[in-house]
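A.B. asks: So the protein sequences, as listed, match chains A and B. Per our numbering, residue 693 is the first one in the first sequence, and the count goes up by one each step. Per our numbering, residue 54 is the first one in the second sequence, and the count goes up by one each step.
Accuracy of the hints is not assured; some may be wrong.
[To be verified] Which residues of chain A face chain B? A few of them, derived with a C-beta cut under 7 Å, are: (1) L696; (2) A731; (3) Q733; (4) V757; (5) V758; (6) V761; (7) A764; (8) Y767; (9) V782; (10) L785.
Note that these hints are calculated values from the structure, not bench results. Heads up, the beta-carbon is just placed ideally off N, CA and C, and yes, glycines get one too.
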Amino acid sequence: LIYLAGDLGYQWGDGLFSIEKVGVFDVLYLIGYVVMISAAQLAWQHHDAVPAENRSRSGPRPRNVVPWVVAAGLYAVLIDAAVNGNLDAVSTLTIAALLVTVAILIRGRSPNANAFVWRTRSDSNAASCGCEP
Amino acid sequence: MSLGAHNGAAFGATLLAIGYLLLASTIARDAVWYDFVSYAPFVALATGLAAALWRAARIGPRDAYRRGFAAYAVSFAATAAGSIVWLVERYVWNLDPSYSWPNLFYAVSYVAAFVGVLSFPTDPRERSGRIRLGLDVFVALVAGTAMSWVLTTSASLSPPPDSLRFAILLAFPISNVVIGACLVPRLLSAGGGARGQSLRRLAAG
Chain A
693 LIYLAGDLGY QWGDGLFSIE KVGVFDVLYL IGYVVMISAA QLAWQHHDAV
743 PAENRSRSGP RPRNVVPWVV AAGLYAVLID AAVNGNLDAV STLTIAALLV
793 TVAILIRGRS PNANAFVWRT RSDSNAASCG CEP
Chain B
54 MSLGAHNGAA FGATLLAIGY LLLASTIARD AVWYDFVSYA PFVALATGLA
104 AALWRAARIG PRDAYRRGFA AYAVSFAATA AGSIVWLVER YVWNLDPSYS
154 WPNLFYAVSY VAAFVGVLSF PTDPRERSGR IRLGLDVFVA LVAGTAMSWV
204 LTTSASLSPP PDSLRFAILL AFPISNVVIG ACLVPRLLSA GGGARGQSLR
254 RLAAG
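Chain A with its partners taken away, still in its complex shape:
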């Protein structure tokens, strides 16, 4: 995702934001590459013995902030377009912001919104006592 953000940013404004001649989006590319290399190294050093298809989940997952970050980015671009009087962009972005807001509201009100984390914790408790969930 960091690499893709760098790629989209590069297409958006290569050279717009730079220190010396180093673009900000080059830095995103670099961070993305290094993070992915460290992921591959982690997978190589600590590989699991059981195939993924046969393995039950264990360990709590991190809190999900991705939709909020994406929505915040969209609203930032919308505000920027509105301030700069870019009306074509404002109409497109307003529709997108409306759809995203509705999706986030539905998501927050879905039943058992925290079931993911709760079930995972019960799994890890079950694993620690030796019984199957």
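For chain A, the structure is supplied; the task is to place chain B on it using the hints.
C.D. replies: Same frame as chain A, but now just chain B:
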């Protein structure tokens, strides 16, 4: 190596790479070969990443993770090859590589990345978990499409280019948004264990 040491090594490597770029841009900012100097770390990183992913794809049980890592290795090998062809076209043949052969390698890279993303498992057990993941993908897809259209695509398509340029200009942002949207559920539903951690990190990267 512990997870903390991994994070420290990754952070240090990123700082080193950024430092190299800043140094190169200061020393060689007006040199003809500046692009070579600034491009080199990206080609090296893409090659190193492809090798590291291939190595990760050859260890452990034969499962979805291994298939995903292998496809990703092919993807970044194609990226590295495309970048080398880009440099050769630009500096050896003195051609404009923007709408030329490197795009073929980049196309292979995107297809392989897409196959890799789809290979990684997402299996929330509850229906509500599946609905939430679907909504997260929807949010990423809508917001990514709107932002990339407004910020990059609409500007580059005005005035309308010829059909080949049109296809190439559209292919990059569309591929980025689709792969990004498919990565979101992998990032959010990766389980515990070393492979789950590495998948989360790969998706974030």
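A.B. asks: Give me the numbers of the hints this structure contradicts, sorted from smallest to largest.
C.D. replies: 4, 6, 7, 8, 9
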